[in-house]
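**Q** Sequence:
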Amino acid sequence: MRQSIRQRLLVGTIISGSVLAIAGAASAQTAAVAGTAPQAPLDQEAAQIEEVIVTGSRIRRDPTNAPTPLIQVNREQLLTTGQTSVINYLATLPVLSNSTIPSDTTGNLNTGGLSLPNLRALGSNRTLTLVDGRRHVGAAQGSLAVDIDAIPRLLIENIEIITGGASSVYGADAVSGVLNFLLRKDFDGLEVDANWGMVNQDGQANRRVSVLGGVNLLDDRLNIYAHGEYDRTDGVNVADIDWLMEGRVFGAAGTAVDADPTSARNDGEIDVVPFSHVRRLDRMPWGQTTLANAQRPSALNDPDVPLTNCTTVTSANCYSVDPTRTFVYDGPTARLANFGERIGNVGANRGHNIGGDGIPVHQFAGLSRTPATESQRFQVGANFAVSDTVKLTAEYKTITEDNFLASQPTFFDAFLNNDSRGAGEVNQLRSQTQFDLRLDNAFLPANVLAAINANMVTNYNNPTATTPGTPQTPVSRQWARHAAFGPDRTQTNQREIERFVIALEGSMSRLGFVDNVNWDLSYVYGEARNVNVERGVDSQRWALAADAVRDNAGVLGTPGAIVCRSRLIAASNPGRTAADGTGGLRDDFRIGRAGTVGDDLRDTVEGQRALSQCTPLNIFGAGNQSQAALDYIDAAITVSHTNEQEQLLGAVSGQLWDFWGAGEIGIALGAEHRREYAQGIGRSATTGDRWLLLNTGADFAGAEYQSDEIFGELSLPLFRDSWLGDYAELSGSYRFADYTTVGKTEVYGVNLVYRPIADIAFKTSFNSSIRVPDLSENFAPLTQTFFNMPVDPCATTNINAPFSANYTAEKRSNRIANCTALAAAQGRSFDFAGATATNTDDFNPNYGSGVGGVAGGNPFLKPEQSDSFTFSTVLEPRFIPNLTLVLDYYEIEITDAIASITAQQAANNCVDGSSLNSAACATIFRRDPTPGREFYIGAPAGDPFGGFIQGSVNFAAFTTRGLDFTARYSLDLEETTGHDWGRLNYSIGGLWLLEQEFFTNSADPTDGTEFASTAVIGGGLPRVRFSSSLTWTPTDTLNLNWTADWQSAQDIVSPRDFINDVDARPADSLNTGNFTRHDFTVKWQARDDVSVRVGVVNAFDAEQSRYLAGALYSNFDPYGRRFFIGLNYRPN
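Sequence positions in the sequence shown follow mature numbering (1 follows the signal peptide of the UniProt record, and there is no 0) and run -28 to -1, 1 to 1104.
For the record, the hints were derived by calculation from the structure and aren't laboratory data. Note that this is a predicted model, so its numbers are computed, not measured. Even glycine gets a Cβ: it sits at the ideal position worked out from N, Cα and C. The hints are all genuine.
Computed Cβ-Cβ distance ranges for the label pairs, DEER-style:
| no. | residue 1 | residue 2 | range |
| --- | --- | --- | --- |
| 1 | A594 | N46 | 47 to 55 Å |
| 2 | N46 | I242 | 45 to 53 Å |
| 3 | S612 | F356 | 33 to 41 Å |
| 4 | A594 | S785 | 44 to 52 Å |
| 5 | A894 | S392 | 29 to 37 Å |
Below, simulated DSBU-like cross-link-like pairs (lysine-lysine); rule was C-alpha separation at most 35 Å, straight line:
| no. | residue 1 | residue 2 |
| --- | --- | --- |
| 6 | K834 | K783 |
| 7 | K157 | K363 |
| 8 | K834 | K716 |
All chains, please: the whole structure from these sequences, using the hints.
**A** Okay, structure coming up:
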């Protein structure tokens, strides 16, 4: 594709422009020879057209001849919409439909509440956001992506959006396009705008008041203005969203109703069906306790339940929830769990049920769906006419924002047994999320203890094709596992943004041989600060507090009091002995440090604190925890992030000569210096010498880059009012930059505009662009992160899963071969294909909790390279007044794309190719030391990297092609019907997505995944999406608007894959079905200075397909029917 763009389109554009230039010159010469001068009226009309700078170029020109496709959004559209923020409105535009809105940020670190535009779904870091053509400081640590909530709403005049590369005009990062926010100038008067709007149909709302005031002084030479805004949005939790609380499940692990044998991919029974009102019994707050057991394996001809015998105390295979072995807690008492109507037949551990105990199934995935946010935004500025041709502009803004969100609860597995350590030893801390407890635990209910002591485990022999596994002799196993889910992990972000701009701009009628000179010189300084507080628990303190016993002798003061075992041991053995570090007060976190330091809890300051402050914690059941114990295990990390940006920008433009009567040659030259700086401190200091279930790691030491850039543009009118047509222009742009990180770069652009007649125009462009790695991608330190709910691509059950859009027969074959090679390298062997008549040799890992790992930056990244091509047709037929039609075709290809794949993607990439992907495999570690888990993804306790490493690398490529379409029509009903019924205005704008392919397999660059017309979590990519708006204005004081947002069906599973396994799911579940959201707004001009607006968003309460279950797809508007009311006051 790259060759086709660079050669076919670029060469074609240049040749076409050259031919037109020659013809235009010949035309001018012919006219001169004939002695016929151009008609004066036409010249006068042309001279009256105001030439302006339009986003996409620095050369002033007739806006109808703008060289690149342009989408405009005005202030009225932003204020009258029912969407409660600018980003929520922009995200309804198809070109920006995958933008990051606040509800997309609840699962990410430090980004809660941000609003980041994302053109063409290529990533917010590939969209350049400008304010009046100048840079704006980025919001997230080390990132250049702009939080557009920081741009004052009432000050916005227009938003101009160009799609396609624009780095030669504006610099790096304009890979998929540019958003340029144009602010109001010389505002005189007062304007107040207030809005109350629901953000969820359950009543959560946004409240906003904006005030703008300005005054002209000194005979209108000086304008001073001030803007203030208060904005508060309620948080939306899972429990607030009605359809999520319906508990829809479709295809979740443990809920399938049939498993196909390996020999028959289609056994005629549907594998998964949808369920509603589902609860999850194995994820209850403060947990459930399951006695060691083994589930009877099914016959191989119907392998619903695999053979998962119980062999070691820590094996997840031992703890499948079971109606006769699983206890839940009502206050301090325990009882066998009520499984209600248990659903799902497949798998050993099936913890989903309808009715009975448990929590709503989607509540565990994350509490917050939209962060709670409160913001204050202020901006002041002045414009001063130094002379008739020179203007001085200055502006300053300051913003504060606080937001809060809660994610998944903390999670631990406590293995109840007397095998690992004795009564005189502290419990074993196996990992950040796993520890042992002895059976003398003071909080363990007597009936649970009795059940554990009497527990017998029956393992099973291999099943045959027709017979389930036969039971072996039961053996005594006094083991149980308490799966504890504790306090929620929360985040608060306290953001501050300051930005200062000072600019001089002026004009001259002539400078040397250049006419109509315009120049500007500006300096921008921006600073974004964020204090992020992430709250969770201290893993070591949790384990010590949970290891509670009775102080029968009153060693610590009160006989029979419940105390921490560790404190009792310390008081009973105050003199440290050589054996302490290997048993009594062994410090599993710090053990192995130089000499004996760290072997014993008393060897370090933090160990001493943990020991002396230990407060017993009852982990058995919700509501049984003392506040003192919760305070003891509580932990927080506070990180202060800073982004700084400086930009010094100068540009001059003008007109040269008119050689052949087509118009003056336009020219623009400029230079830019930019500095970006980022820092994040506090993570290391607030972590200290503690083992926290949080994102721990090193501080982000200050890092920066600087760039020095020069740029230029040239526009060459080819002809005007010629026999070849009405007008044509060839233009080009070039930029050279020198970065302190990546060195020298060059980019360019070529544009051609051709208007054969006044009614129609054709525009085409080719642009090369770059994106320089941001500071976070380059220099972020390694910090802890988690791989939650791993889906191991080497698991036999996953290898033999139904085919889907992203899992094909070829990938299945590759996985079998590659997983076999991985296991062989460790001296192990498994039946990954499920080919044998038994499943005892299968590899079916059971990850009881998340796997810890690290993520960080890569200082060796290269810039991304991008080529884009556009071809536009603009039709404004004179025979249909007030009609405009626009078609914009685009192609974008990004190579050397910087991508940070998830641990799940890396695990898949490791084994999905035709051979092992060494780069991906090197980031996934299968070295869990726990017996029976040696091939699991994981690492020993205390390992500095954990089970995986995530980081950014240059290996991906992205390609996208599509067609934007716009139509606008205005109709005066009196002219049409003879009745004064007002005016109708209709517009429709949409996108036909032809291709959206991502290549993220570093071992096989041709291995692409097509996302066009697929449902993607966070925001789908429909093949066709459009928004239509019909406004009726019956009088000067009233208008009524109906807006419809329509999306074509998106594939959940590709039909091509479905035919390989037609019983995998119901036939009507392959796609989402079409989706339409209807909004209605009424605006009433109550007085000359007061207007009121009311309306409803998603009037018919449209919801996403039930086959998407509980995953949140923001493009389907998950928040239901909601109302809004607003008022605007503009005194005369």
